[in-house]
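*Asks:* Sequence:
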Amino acid sequence: MNWLKSLKNMSFVVIALSFAVSANPAFGVSRIKDIADFEGVRDNQLVGYGLVVGLNGTGDNIKSVDFAKESLISMLDMVGVNARDGQIKAKNIAAVLVTANLPAFSRQGSRIDVTVSALGDAKDLQGGTLIATPLKGADGNVYAVAQGTVATGALAAGNRNDGASIVKGVPTSGRIASGAIIEKEIPFALNSLNTMNIALRNPDFTTSRRVADAINAMLGTTAARSLDPGTVELVVPSNYQDRIVDLMTKVEQLQVQPDQTAKVVVDESTGIVVIGKDVKINRLAIAQGNLAIKITDIPFVSQPEPFTMGEPVVVNTSLIDIQEDTEAKMKVLDTGINLQELVNGLNALGVTPRDLISILQAIKASGALQAEIEVI
Numbered sequence: 003m004n005w006l007k008s009l010k011n012m013s014f015v016v017i018a019l020s021f022a023v024s025a026n027p028a029f030g031v032s033r034i035k036d037i038a039d040f041e042g043v044r045d046n047q048l049v050g051y052g053l054v055v056g057l058n059g060t061g062d063n064i065k066s067v068d069f070a071k072e073s074l075i076s077m078l079d080m081v082g083v084n085a086r087d088g089q090i091k092a093k094n095i096a097a098v099l100v101t102a103n104l105p106a107f108s109r110q111g112s113r114i115d116v117t118v119s120a121l122g123d124a125k126d127l128q129g130g131t132l133i134a135t136p137l138k139g140a141d142g143n144v145y146a147v148a149q150g151t152v153a154t155g156a157l158a159a160g161n162r163n164d165g166a167s168i169v170k171g172v173p174t175s176g177r178i179a180s181g182a183i184i185e186k187e188i189p190f191a192l193n194s195l196n197t198m199n200i201a202l203r204n205p206d207f208t209t210s211r212r213v214a215d216a217i218n219a220m221l222g223t224t225a226a227r228s229l230d231p232g233t234v235e236l237v238v239p240s241n242y243q244d245r246i247v248d249l250m251t252k253v254e255q256l257q258v259q260p261d262q263t264a265k266v267v268v269d270e271s272t273g274i275v276v277i278g279k280d281v282k283i284n285r286l287a288i289a290q291g292n293l294a295i296k297i298t299d300i301p302f303v304s305q306p307e308p309f310t311m312g313e314p315v316v317v318n319t320s321l322i323d324i325q326e327d328t329e330a331k332m333k334v335l336d337t338g339i340n341l342q343e344l345v346n347g348l349n350a351l352g353v354t355p356r357d358l359i360s361i362l363q364a365i366k367a368s369g370a371l372q373a374e375i376e377v378i
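In this text, residue positions in the sequence shown follow our numbering: the first is 3, and each later residue adds one.
Heads up, a few of these hints could be off.
[Stated by the list, open to error] Distance windows between CB atoms, simulated:
#1 E254 <-> G222: 16 to 24 Å
#2 A201 <-> V31: 14 to 22 Å
#3 F69 <-> V144: 14 to 22 Å
#4 R227 <-> D36: 16 to 24 Å
#5 G30 <-> N94: 52 to 60 Å
#6 A134 <-> F107: 18 to 26 Å
#7 M80 <-> Q255: 48 to 56 Å
#8 K265 <-> M80: 53 to 61 Å
#9 M80 <-> A201: 42 to 50 Å
#10 S360 <-> I183: 51 to 59 Å
#11 G222 <-> R109: 29 to 37 Å
Rather than coming from a laboratory, the hints here were simulated on the basis of the structure.
Positions of the beta carbon are idealized from the N, C-alpha and C atoms, including for glycine.
Working from the sequences, and respecting the hints, build out all of it.
*Replies:* Below is the structure:
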């Protein structure tokens, strides 16, 4: 496969996630609040368009970025300055997109962080000041207003004479800590709910059923039921009416053991291989060896025939040497071995992380690997 060829010269890190739950019943157990979300209790995304001013000559080129020029003219109009008839050559402004997440139950007057990203050809936003920018939700309403000094945490420097430059990080994107003030709240009557849906972050039939069983065991009723792999429906008991917060506090602290499918994940961009704890293979034999091909150019002198007018000429000839690793051995892996035994068996073969990908692919192709291989 092409992606295997691209990995040939990469160094890999293998992460083996082997959890022995039977040895310690509490090992691998998680709280419901760590594996699920409650319906309605979520962030809302906000976005706005604004201007950053006060840059040290690293802003947009007004002549080439028309929307930055029009934004500057509109802003000046707001403060009573007419700049439509003049020649604007400012290099200290940048048109930006401002984004933020509005947390659930945020109240008017509280502050949230915002992210500022350049839209034009600005080269650095460090130290610039974002002018008051309304932030809107998906419904078009303004929920917050952002303003403040942009911090990028990046470094950009260069020499105008020879064109040499160095850039560390992303200087065209930055943040303003507590840079937006919430102007409008999102109404959500939590205490009036009669039912509450619990959404699992990693949908799974077994985990969904375990969550429902844990809630029912705590309440002593059948108020919770699993609707699908990703949703557990909870009917609010009569003794918790108007006390949803108390109920959610108890539910989110309940501990369950999440289940997972057997999977091998390969990240070819970073060279990381992750093998899940439930990965097993059937009985099979594996042989791993290396074939080395060495081509060497050997120069020699070609002499002319006797009594001729020719001159000696240096020419090259190629020597091809093929060597195969004679220490490679066949290894038999028994049926149903666990992750630790699999890793030990591959290590016994002297398998390098670089070869692990192709070996796992070959085992999967043979039908012996009882797991899914996912390449990200």
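*Asks:* So, for every hint listed, does it hold in this structure?
*Replies:* Now the hints, each set against the structure:
1. E254 <-> G222: 16 to 24 Å: Hint holds: Cβ distance 18 Å, inside 16 to 24 Å.
2. A201 <-> V31: 14 to 22 Å: holds, 20 Å
3. F69 <-> V144: 14 to 22 Å: For V144 against F69, whose Cβ atoms are near 21 Å apart, the range 14 to 22 Å holds.
4. R227 <-> D36: 16 to 24 Å: Roughly 22 Å apart at Cβ, these two residues keep to the hinted range, so it holds.
5. G30 <-> N94: 52 to 60 Å: Because 55 Å falls inside the window, the suggested range holds.
6. A134 <-> F107: 18 to 26 Å: holds, 25 Å
7. M80 <-> Q255: 48 to 56 Å: holds, 51 Å
8. K265 <-> M80: 53 to 61 Å: holds, 55 Å
9. M80 <-> A201: 42 to 50 Å: At roughly 44 Å between Cβ atoms, A201 and M80 fall inside 42 to 50 Å, so the hint holds.
10. S360 <-> I183: 51 to 59 Å: For S360 and I183 the Cβ distance comes to about 56 Å; the hint holds.
11. G222 <-> R109: 29 to 37 Å: holds, 36 Å
Hint violations for this structure: none, all hints satisfied.
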